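Place chain Y on chain U using the hints.
Heads up: the sequence lines are chains U and Y, in that order.
This note's numbering numbers the first residue of the first sequence as 1 and each following residue consecutively.
This note's numbering numbers the first residue of the second sequence as 1 and each following residue consecutively.
If you're looking for bench data, these hints aren't it; they were derived computationally from the structure.
Given the structure is predicted, the values throughout are model-derived calculations rather than measurements.
Don't take every hint at face value.
Taking lysine-lysine pairs in the BS3-like style, the calculated list, with each CA pair at most 30 Å apart, reads [stated by the list, open to error]:
1. Y/Lys38 x Y/Lys66
2. Y/Lys63 x Y/Lys38
3. Y/Lys63 x U/Lys165
4. Y/Lys29 x Y/Lys66
5. Y/Lys29 x U/Lys165
6. Y/Lys161 x Y/Lys181
7. Y/Lys181 x Y/Lys170
8. Y/Lys161 x Y/Lys38
9. U/Lys165 x Y/Lys66
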Amino acid sequence: MSDDRTPHPLAHDTLAGEFALGVTEGEERAEALRLMASDRRFAEAVERWQVRLGPLYAGIVPVDPPGRVWTGVTRALPANDVGSPAALRAWRGAAVGLGLIAASLGGVLLVRPVSQPSPPATIVTAPRPTLIAQLADADGLPLMVASYDPDTALLRIRTEAAAGKGEPELWVIGADATPRSLGLLPRNAVGDRTPDPALRPLLVAGSTLALTLEPRDGAPHVSPSTAPIATARLTLL
Amino acid sequence: MATTDTATARAALSDDLARVAAGDRGALKRVYDATSAKLFGVCRRILPDGTAAEDALQDAYIKVWKNAARFDANRASPITWLCAIARNTALDALRAGGRSGAAYDALAELALIEPPPLLSDDAGPEAQSLGRCLDQLEANQRGVIVAAFYEGFSYSELATKRNVPLGTMKSWIRRGLASLKGCLDDVR
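Just chain U, with the same shape it has in the complex (with noise of 0.2 Å):
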């Protein structure tokens, strides 16, 4: 992350402030939105606000929804479609379309939201590229979708149903050949996490994404326990 385009720390965090307050408007609030998807640290000081506002949340009073919400809710999560003959078709496919994977990923991450405004002419580092990686198993059943983004070391995971005891962990295994744990993940869910800071230089083209089933105590771990149920190459979008 870039230094000579963060703004002076007192107008970062004042900022960060009316945001979580919600008085920001306009070009500010576009700043704001901007900043809370490509910088961790205004994201954590309108985390900082939030917590200190936070007890005000008293003062509202409970209010019964009505049922369809939490119909809406079911509704919109992500669909069980791995068993769906359309969707196996198309992931056994050999040519898998930008499409499917911005689809299966919502979408949200692989392009920049058009309603951000142009970056300010003082960034001088060029965006890098994203990188991603599908893995699928023997059968070529998906089992996983990864998006990576260095800028913001987002790393965003869409994992399918995988069939077999234990949980799911995730390893990145770079140039020494070393499976390095990127945590358990999540079946049947999209999901973002940043990866610890020496992880991130070994998320490049070319490095491996492996998943393997693990126990669920002692995660992170320190090595796989068993072989890995599915692998594939970091690639540049």
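Just chain Y now, with coordinates in the frame of chain U:
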């Protein structure tokens, strides 16, 4: 609510959020059952008209499902984390959709909204600190900060309602927030 009940409820909610992060839909239902009335209350204050609050509530729990792995029990209480998601979702909808004329007119007289009694006997330490620090603000600063928090007012709405220049309103809020931060961070 006794302190032990609150601590137990907080731990259970944190545990359930960790399970949501692992893809447990039953845990999401438990989180919903425990918190949806509070979060709906948050959404309704900001989106009082029509069904916008319901849409925001639904979007909020989908965000909880997708982002539960980001919840860190060491950094925030689970209910604060959840309420913030609901409020931000409602604010996004409000800013995108605009405040309806009826809602705006209904708030024609922006009274100084006093915060809830945060200094009650069973209020936790964070609430007591915030209560004390809010009391130390000038009445103008306190009133607009609290109004902005509950009703989702923007700077220009607040300036119009209080009939002061935008710069004055920004100054009230920035100074008020800076005082709160100084006071709260000292207490820690």
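**OP:** Compare the structure with the hints numbered earlier in the document and write down the numbers of the violated ones, lowest to highest.
**Re:** none
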